Structure formats: structure tokens, C-alpha cells
Amino acid sequence: MAENVKTVALRKGGDKRLRSGHLWVFSNEIESMDKTVTPGDTVHVLDDAGHVLGTGYMNPNSLIAVRLLARSRVEITPSFLKRRLKHALAFRERLWPGETTYRAVYSESDLLPGLIVDRYDSTLAVQSLTAGIESRLDVIVELLDELLKPDTIVLRSDTRIRELEGLPREKKVVKGNADSPVEVELDGTKLLVDVLGGQKTGLFLDQRENRRAAAQLAAGRDVLDCCSYTGAWSLAAAAAGAASVTGFDSSAPALELAERNATLNGLADKVEFVRGDMFKSLANLSRSKRKFGFAFLDPPALAKNRKRIREALRAYRSLNRLAMSTLSPGGFLVTSTCSHLVEREAFLNTLVAAAREAGRHARVVAVRGQSRDHPVILGHPETEYLTCVTLEML
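In the working numbering, the protein residues as written are 1 to 394.
Just so you know, the hints here were simulated from the structure itself, not pulled from any lab data. Hints are supplied without guarantee of correctness; some may be wrong.
[Said to hold, decoys possible] When the alpha-carbon atoms are kept at most 27 Å apart in a straight line, the in silico DSS-like pairs for lysine-lysine are as follows:
id: 1; residue 1: K86; residue 2: K200
id: 2; residue 1: K270; residue 2: K291
id: 3; residue 1: K304; residue 2: K200
id: 4; residue 1: K304; residue 2: K172
id: 5; residue 1: K291; residue 2: K280
id: 6; residue 1: K171; residue 2: K86
[Unchecked claim] Beta-carbon label-pair distances, calculated as ranges:
id: 7; residue 1: E75; residue 2: Q216; range: 41 to 51 Å
id: 8; residue 1: L378; residue 2: D158; range: 25 to 35 Å
id: 9; residue 1: R73; residue 2: S20; range: 19 to 29 Å
id: 10; residue 1: K12; residue 2: A213; range: 45 to 55 Å
id: 11; residue 1: R306; residue 2: F279; range: 21 to 31 Å
id: 12; residue 1: R356; residue 2: I161; range: 29 to 39 Å
Source: prediction; values computed, not measured. Even glycine gets a Cβ: it sits at the ideal position worked out from N, Cα and C.
Please take these sequences and the hints and turn them into a complete structure.
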């Protein structure tokens with residue numbers, strides 16, 4: 001049975017964003033729409049001349065009113081969703097043949113806006129972020145179960161973004177159980193992942209390739225991990241031959257898991273985890289004059305909205321100034337921002353200011369982004385959010 005698809009007509013000039021490759025229609029770009037549209041409904045998007053620009057789903061109560069799934073007139077059926085999921089999974093298989101831990105679906109970048117799926121071996125963590133995905137979630141879960149045959153599926157729909165779509169926060173297990181952390185292996189390091197209770201979906205998979213590239217520089221050095229979470233950066237450095245690793249984080253449950261991860265990898269004698277606020281801990285280390293040969297700085301997103309960008313840049317400058325002051329000449333700093341509102345150039349300029357305030361010279365070794373299982377789609381800049389910079393302090 002064919003879908004009863006409604007239409008949305010854009011204002012004159014309102015098609016510019018879509019024609020440039022973007023996948024969103026904002027509410028102020030709409031001239032008219034079917035009055036019976038409800039959150040999650042499929043719609044055809046028309047330009048001011050009545051030409052079809054694509055098919056998406058709509059939430060008339062959201063600032064982002066339409067999210068495009070296709071640039072033609074299509075039906076969003078279970079078969080359509082299955083094709084999209086299979087294409088996303090095939091892409092990851094080409095990236096890392098035989099791997100079983102990765103981001104399996106990355107929202108707009110897999111042309112499934114609002115859907116995040118992280119695979120941790122035989123466990124799937126699924127995030128439904130929009131009304132369009134939420135209304136199709138049962139079908140999507142069934143398809144993921146069919147395609148990947150996981151033992152456990154957890155819904156991590158507990159993010160603030162859902163509130164913007166008029167959806168409640170929730171998390172639950174829909175298949176299997178998540179009573180204990182799942183063990184995965186990334187680049188030779190074993191990690192326990194709390195899929196149900198951890199931050200995001202339990203592990204920061206977007207830094208995977210950055211950890212791999214940076215760890216080789218840590219050999220023989222004393223390493224500081226400023227936001228250690230469950231120890232992924234710390235253990236990558238220790239496994240690569242770091243002389244010692246000191247990690248700190250404000251979360252007691254994360255540190256408990258980090259210590260278990262160190263023991264799991266036989267690295268407990270090399271790694272020490274301490275509970276502490278990132279600003280206060282860095283400030284104390286700076287005053288202590290203790291020096292390290294390597295530091296990781298991977299704070300949470302500090303710019304939650306555009307109004308907080310300036311405040312976030314001040315915080316990044318302060319954190320990086322303190323981190324730079326803990327490093328010996330020739331030491332390396334790997335520093336990141338995961339705030340998509342903080343553009344790469346702005347972050348680099350912030351690092352320039354931090355080095356100046358620290359009285360240090362620094363040279364850029366590498367500037368990287370998120371791992372390839374979090375691909376960036378051209379024309380949709382919101383899919384690029386992570387900047388990771390490696391600096392050598394001179």
C-alpha cells in the first residue's frame with residue numbers, strides 16, 4: 001500500500017540550502033504545507049515553482065522542520081530503510097573488513113537523519129534523535145536485528161536533542177541484557193563498554209583513528225590524560241610504550257571502568273587514574289611544576305548552542321594554556337574539540353592564543369577529524385564536528 005505523502009512548499013529562494021547539498025529545511029524557509037502534517041510524517045519538498053526537491057520527514061513543531069532522505073520522489077518503506085542500512089553497513093565493512101566495533105549508522109551522513117547506531121561486537125546501541133526516526137523505530141530495530149543478528153540491542157534515546165523534537169528522554173534494553181559492560185577490542189586494546197549507562201553510547205568511537213595515530217608518539221614518555229573517561233587514550237599510550245600514564249576524570253564510574261580496563265590489558269602498573277575536575281586538576285599540575293612528555297586533552301563539547309561559542313572558546317583557551325604549561329620542551333599535546341559549532345579555524349586560533357599566554361612556541365604536527373565511520377557529507381557542515389590537533393611544544 002502506497003504512503004499518503006504530503007507536501008511542503010518552500011519560499012522563493014528557500015531552496016538554496018537544499019540545492020547546495022544540505023539536508024535540512026528550516027521552518028522559516030517554508031511558504032506553505034499540508035495542514036494535516038504530524039511529527040514524523042513523510043513529505044515531498046517543493047520549490048516555489050512546484051518542482052520536487054526531495055523526500056523527507058517532517059516535524060512541524062521543530063526549527064528543523066524537514067530532514068531530507070532522498071533528492072527525488074520516493075516512498076519511505078521498510079524496503080527503502082533496509083537498503084539504506086545495508087549500504088551503511090557495507091561502507092563500514094569496506095573500511096575495516098572483519099571489524100565488529102564501529103559506528104554503523106551516522107545520521108545525515110548515511111542519509112538516515114536522526115539515527116545513530118554504534119556496534120560493540122554483539123551489542124548494538126541505537127539512538128533515535130528525531131520524530132521521523134522515532135515513528136519508524138520498531139521497523140528499524142527489526143531490520144538491524146535481521147542484518148546484524150546482535151545478542152543485545154539497547155536504545156540510548158536519552159539525549160537533550162530529543163527534547164527539541166518534542167520527544168521524551170529514555171533508555172531501555174529491547175533485546176538481550178545489558179547488566180554488565182561488553183568487552184570489545186580496538187587496535188589491540190581491550191575495553192569494557194557500559195552501553196546502557198556510559199556517556200553517549202559508552203565509548204568515543206569518533207577518536208579511534210586519532211588515538212591510533214597519536215599513541216606512537218607516546219613511547220618512552222610520561223603521559224597526562226586530562227579527560228580520561230574509561231581510559232581509551234591512556235591505554236593506547238601505555239600499550240605503545242609510554243613510561244607512565246596519569247589520567248584524571250570527574251566521573252567515579254568512568255574511572256572504575258578505566259581501572260578495570262588497565263587490569264584487563266595488563267597495564268595497571270603503568271597507569272594511574274585520579275578523580276578530579278579538568279580545570280582544577282590542570283591548574284594544580286601547572287602550579288606544581290611537574291612536567292610531562294605528552295598530554296591528551298579531549299574535553300566534552302563546551303559549545304552547546306551558538307550563544308555559548310565565545311564562552312566555549314575562552315574555556316578551550318584556558319584548558320590548552322594550562323595543558324601546554326605541563327609539557328616539557330619537545331613534548332606533544334593532542335587536543336580536541338567535539339563542538340560542531342566551533343569551526344576548525346576558530347579552534348586553531350584559540351590554540352595560538354593559548355600558546356601565547358603560556359609563553360610557548362608550538363608547531364602543528366597534524367590536524368585531523370573524526371574517524372571514517374563518522375563520515376562528513378559535502379554540503380552539510382553539521383556532520384563535521386571533531387577537530388583533533390597534535391602540537392609539539394618547542
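Hint check:
The hinted pair formed by K86 and K200 meets the criterion: a straight-line CA distance of about 24 Å does not exceed 27 Å. About 17 Å separates the Cα atoms of K270 and K291, which keeps this hinted pair within 27 Å; it holds. Between the alpha carbons of K304 and K200 the distance comes to roughly 15 Å, so the proposed pair stays at or under 27 Å and holds. Simply put, K304 and K172 have alpha-carbon atoms about 25 Å apart, close enough for the 27 Å limit, and the pair holds.
Simply put, K291 and K280 have alpha-carbon atoms about 17 Å apart, close enough for the 27 Å limit, and the pair holds. Distance hint between K171 and K86 is fulfilled; the C-alpha atoms sit about 25 Å from each other, no more than 27 Å. The given range of 41 to 51 Å is respected by E75 and Q216, whose C-beta atoms sit roughly 49 Å from each other. A hinted range of 25 to 35 Å for the beta carbons of L378 and D158 is consistent with their spacing of about 31 Å.
Taking the beta carbon of each, R73 and S20 are about 20 Å apart, inside 19 to 29 Å as hinted. In this structure the hint that K12 and A213 lie 45 to 55 Å apart at CB holds, the actual value being about 47 Å. For R306 and F279, the hinted distance range of 21 to 31 Å is satisfied, since their beta carbons lie about 23 Å from each other. Evaluation of the 29 to 39 Å hint for R356 and I161 yields a pass: the beta carbon distance comes to about 36 Å.
Hint check: no violations occur; every hint is consistent with the structure.
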